[in-house]
Amino acid sequence: MHIPDGFLSHGINGATFVISAGACAYGVKRVNQKFGEREIPLMGVTAAFIFAAQMINFPIAGGTSGHFLGAVFSSVLLGPWAGLIIITLVLAVQCLGFADGGLTALGSNVFNMGVIGALGGYGLFSLVYRLFRKSQRGFFIALALASWFSIVMGATAAATELAFSGTSPLLIVLPAMAGVHALIGIGEAVITTTAVSLILKSRPDLVGSYIPPVRPSPAKDEGKVRGHREVPL
Amino acid sequence: MSKRLDGFIWIGLGVSLLMALFFSPFASSSPDGLEKVAQMRGFKEKGEAWRFWNYAPLPDYALPWIKNEKASTALSGLLGTLAIFFIALGLGKLLKRPPGKKGVSVILFLLLPLFPSTSLYAGRPLTTDDAWTVEKGKFQVESGLDVSRQDNHDREFTPSLTLTYGLLERMDLGVGSGYLFFHPAEGRKENGIADTEIKLKYRFMDEMGLRPAFAVAGILKIPTASESKGLGSGKVDFRINTLFTKNLGKQLALHLNLGYAFLNEKGGDNEFNYSLACQFILAEKWTLVGEIAGINNFNGHKRDDPLSGLIGTTYQLTENLVWDAGVEIGMNRAAPDFRVTTGVTLYFKP
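Protein chains in written order, with numbering that gives the first Met the number 0: chain V, 0 to 232; chain Y, 0 to 349.
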């Protein structure tokens, strides 16, 4: 989904750049407020993992491939703002170091995958998680749904940008992009839930958004049925 | 929440590196979702017409000098994963620092790969190492004299000597040690041989175009200093250091070191060390040098993670002899309050 130079008009690139830069600036502030020494190496290793995973394209139908994005993955681990920063960092390194995604389209790519993918994906995740009253099953359903939607919503945003740039008519590019990415999104959901459940098994304290279901405790805590832990950021 | 992170971080990084190394070469090479749509809907050419940023060192995840496509992808993936880990770590550190300092370092860091080049050599009085190796068959002798004072007014006075030999065109071997005079603010004065370090450095990549030179050094610390006198830890330590050097024009060179030390001291945490140095040719024989160096042991508190800045100068006495001097200022309590160093570096071929 990395848009190269030349696909988008300068107007669209400029507009998305302003939105993305604003979101990142605010994200940096939020991360700065909430993060301690402890989260920084965790951020580094999450970014490294996402970069490595994004290199592994898996084949989907019709001679097309897709790869992991990791927007919801990083948001669920470290919070949506850190997720946005991580995705932005990965995109910037891919663009500057590996010519993957255009520099003029960096604002759009950050918008599609970071703002929509990480912030939007996390919003959807917490909504669904809440609908399931923060049960363990609900956590994984929310995770899978949000991962899938993060890809499809990101692709929809990309298609919209392409259409507004006059590259391809909306009615052609939107169904095409959404269709292909509906398949890629399945891969995203599978990888995200697998990776998060592996981390949950070994180090549940690292999954910031997960609230362990609390068994009704005897005697004094009768009143509190569900444990509440603050969701990071 | 009190569990330590170290183990997880290194496992996570290891998994990521293995993924990049072993899975990425076998990734599907079919066009991705967007490329496919662009192909089918006939706007693919638009993306190939021009590229705004032509300076990516590893375009399309390939190292230009490796012929084997799979090996090339695997290695570029490995480099990218490592790079992004350290960039994220560095960025995280910068975000946690008071504003003001961060702007400059971020800009320096971002400018790192931007300029074309000739070569320039690092060395004393910097503690930052360069990615260059001593010329094959040549010797380099560095002798120095350090005076340092800790915040609690303990003083140290250390003459030192390092001998480095160019083993191969791309590899050198160095041995260095010193003699330590320790004058604590209170208590007994001690003196004795300092720890000895053996360093093997190999340069993997020459500087070419926009790509920095890259070398890896393994440093073994032999505990020759007396533990009972409190001059050393008495343990063998191993440190691995990655070195990047980039010349920016004819007058300026930047050096970046990122390393990790495995310490055997009881209760000591392993350490991650980082430093960024620049050298600027001021006049024909004079250079100005500066660096920021620090260590982080990831033990959760900052108090024992030293951070210091150094500024110094070198003067070329003859073709093969360079004099230098520098002052290092500690930016927090863990680093020495200040350190003054002066020395000479001699090159000769037997």
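Hints are computed from structural coordinates only; laboratory data are not their basis.
Any given hint could be a false lead.
[Unchecked claim] Coverage of chain V stretches by chain Y, computed from C-beta distances (three or more under 8 Å per stretch; other residues unrestricted):
| # | segment |
| --- | --- |
| 1 | 0-6 |
| 2 | 11-20 |
| 3 | 35-43 |
| 4 | 109-116 |
| 5 | 124-131 |
| 6 | 135-149 |
Cβ coordinates follow ideal geometry from the N, Cα and C atoms, glycine included.
Checklist line | Numbers of the earlier hints that this structure fails to satisfy, in rising order | finding: 2, 4, 5 and 6
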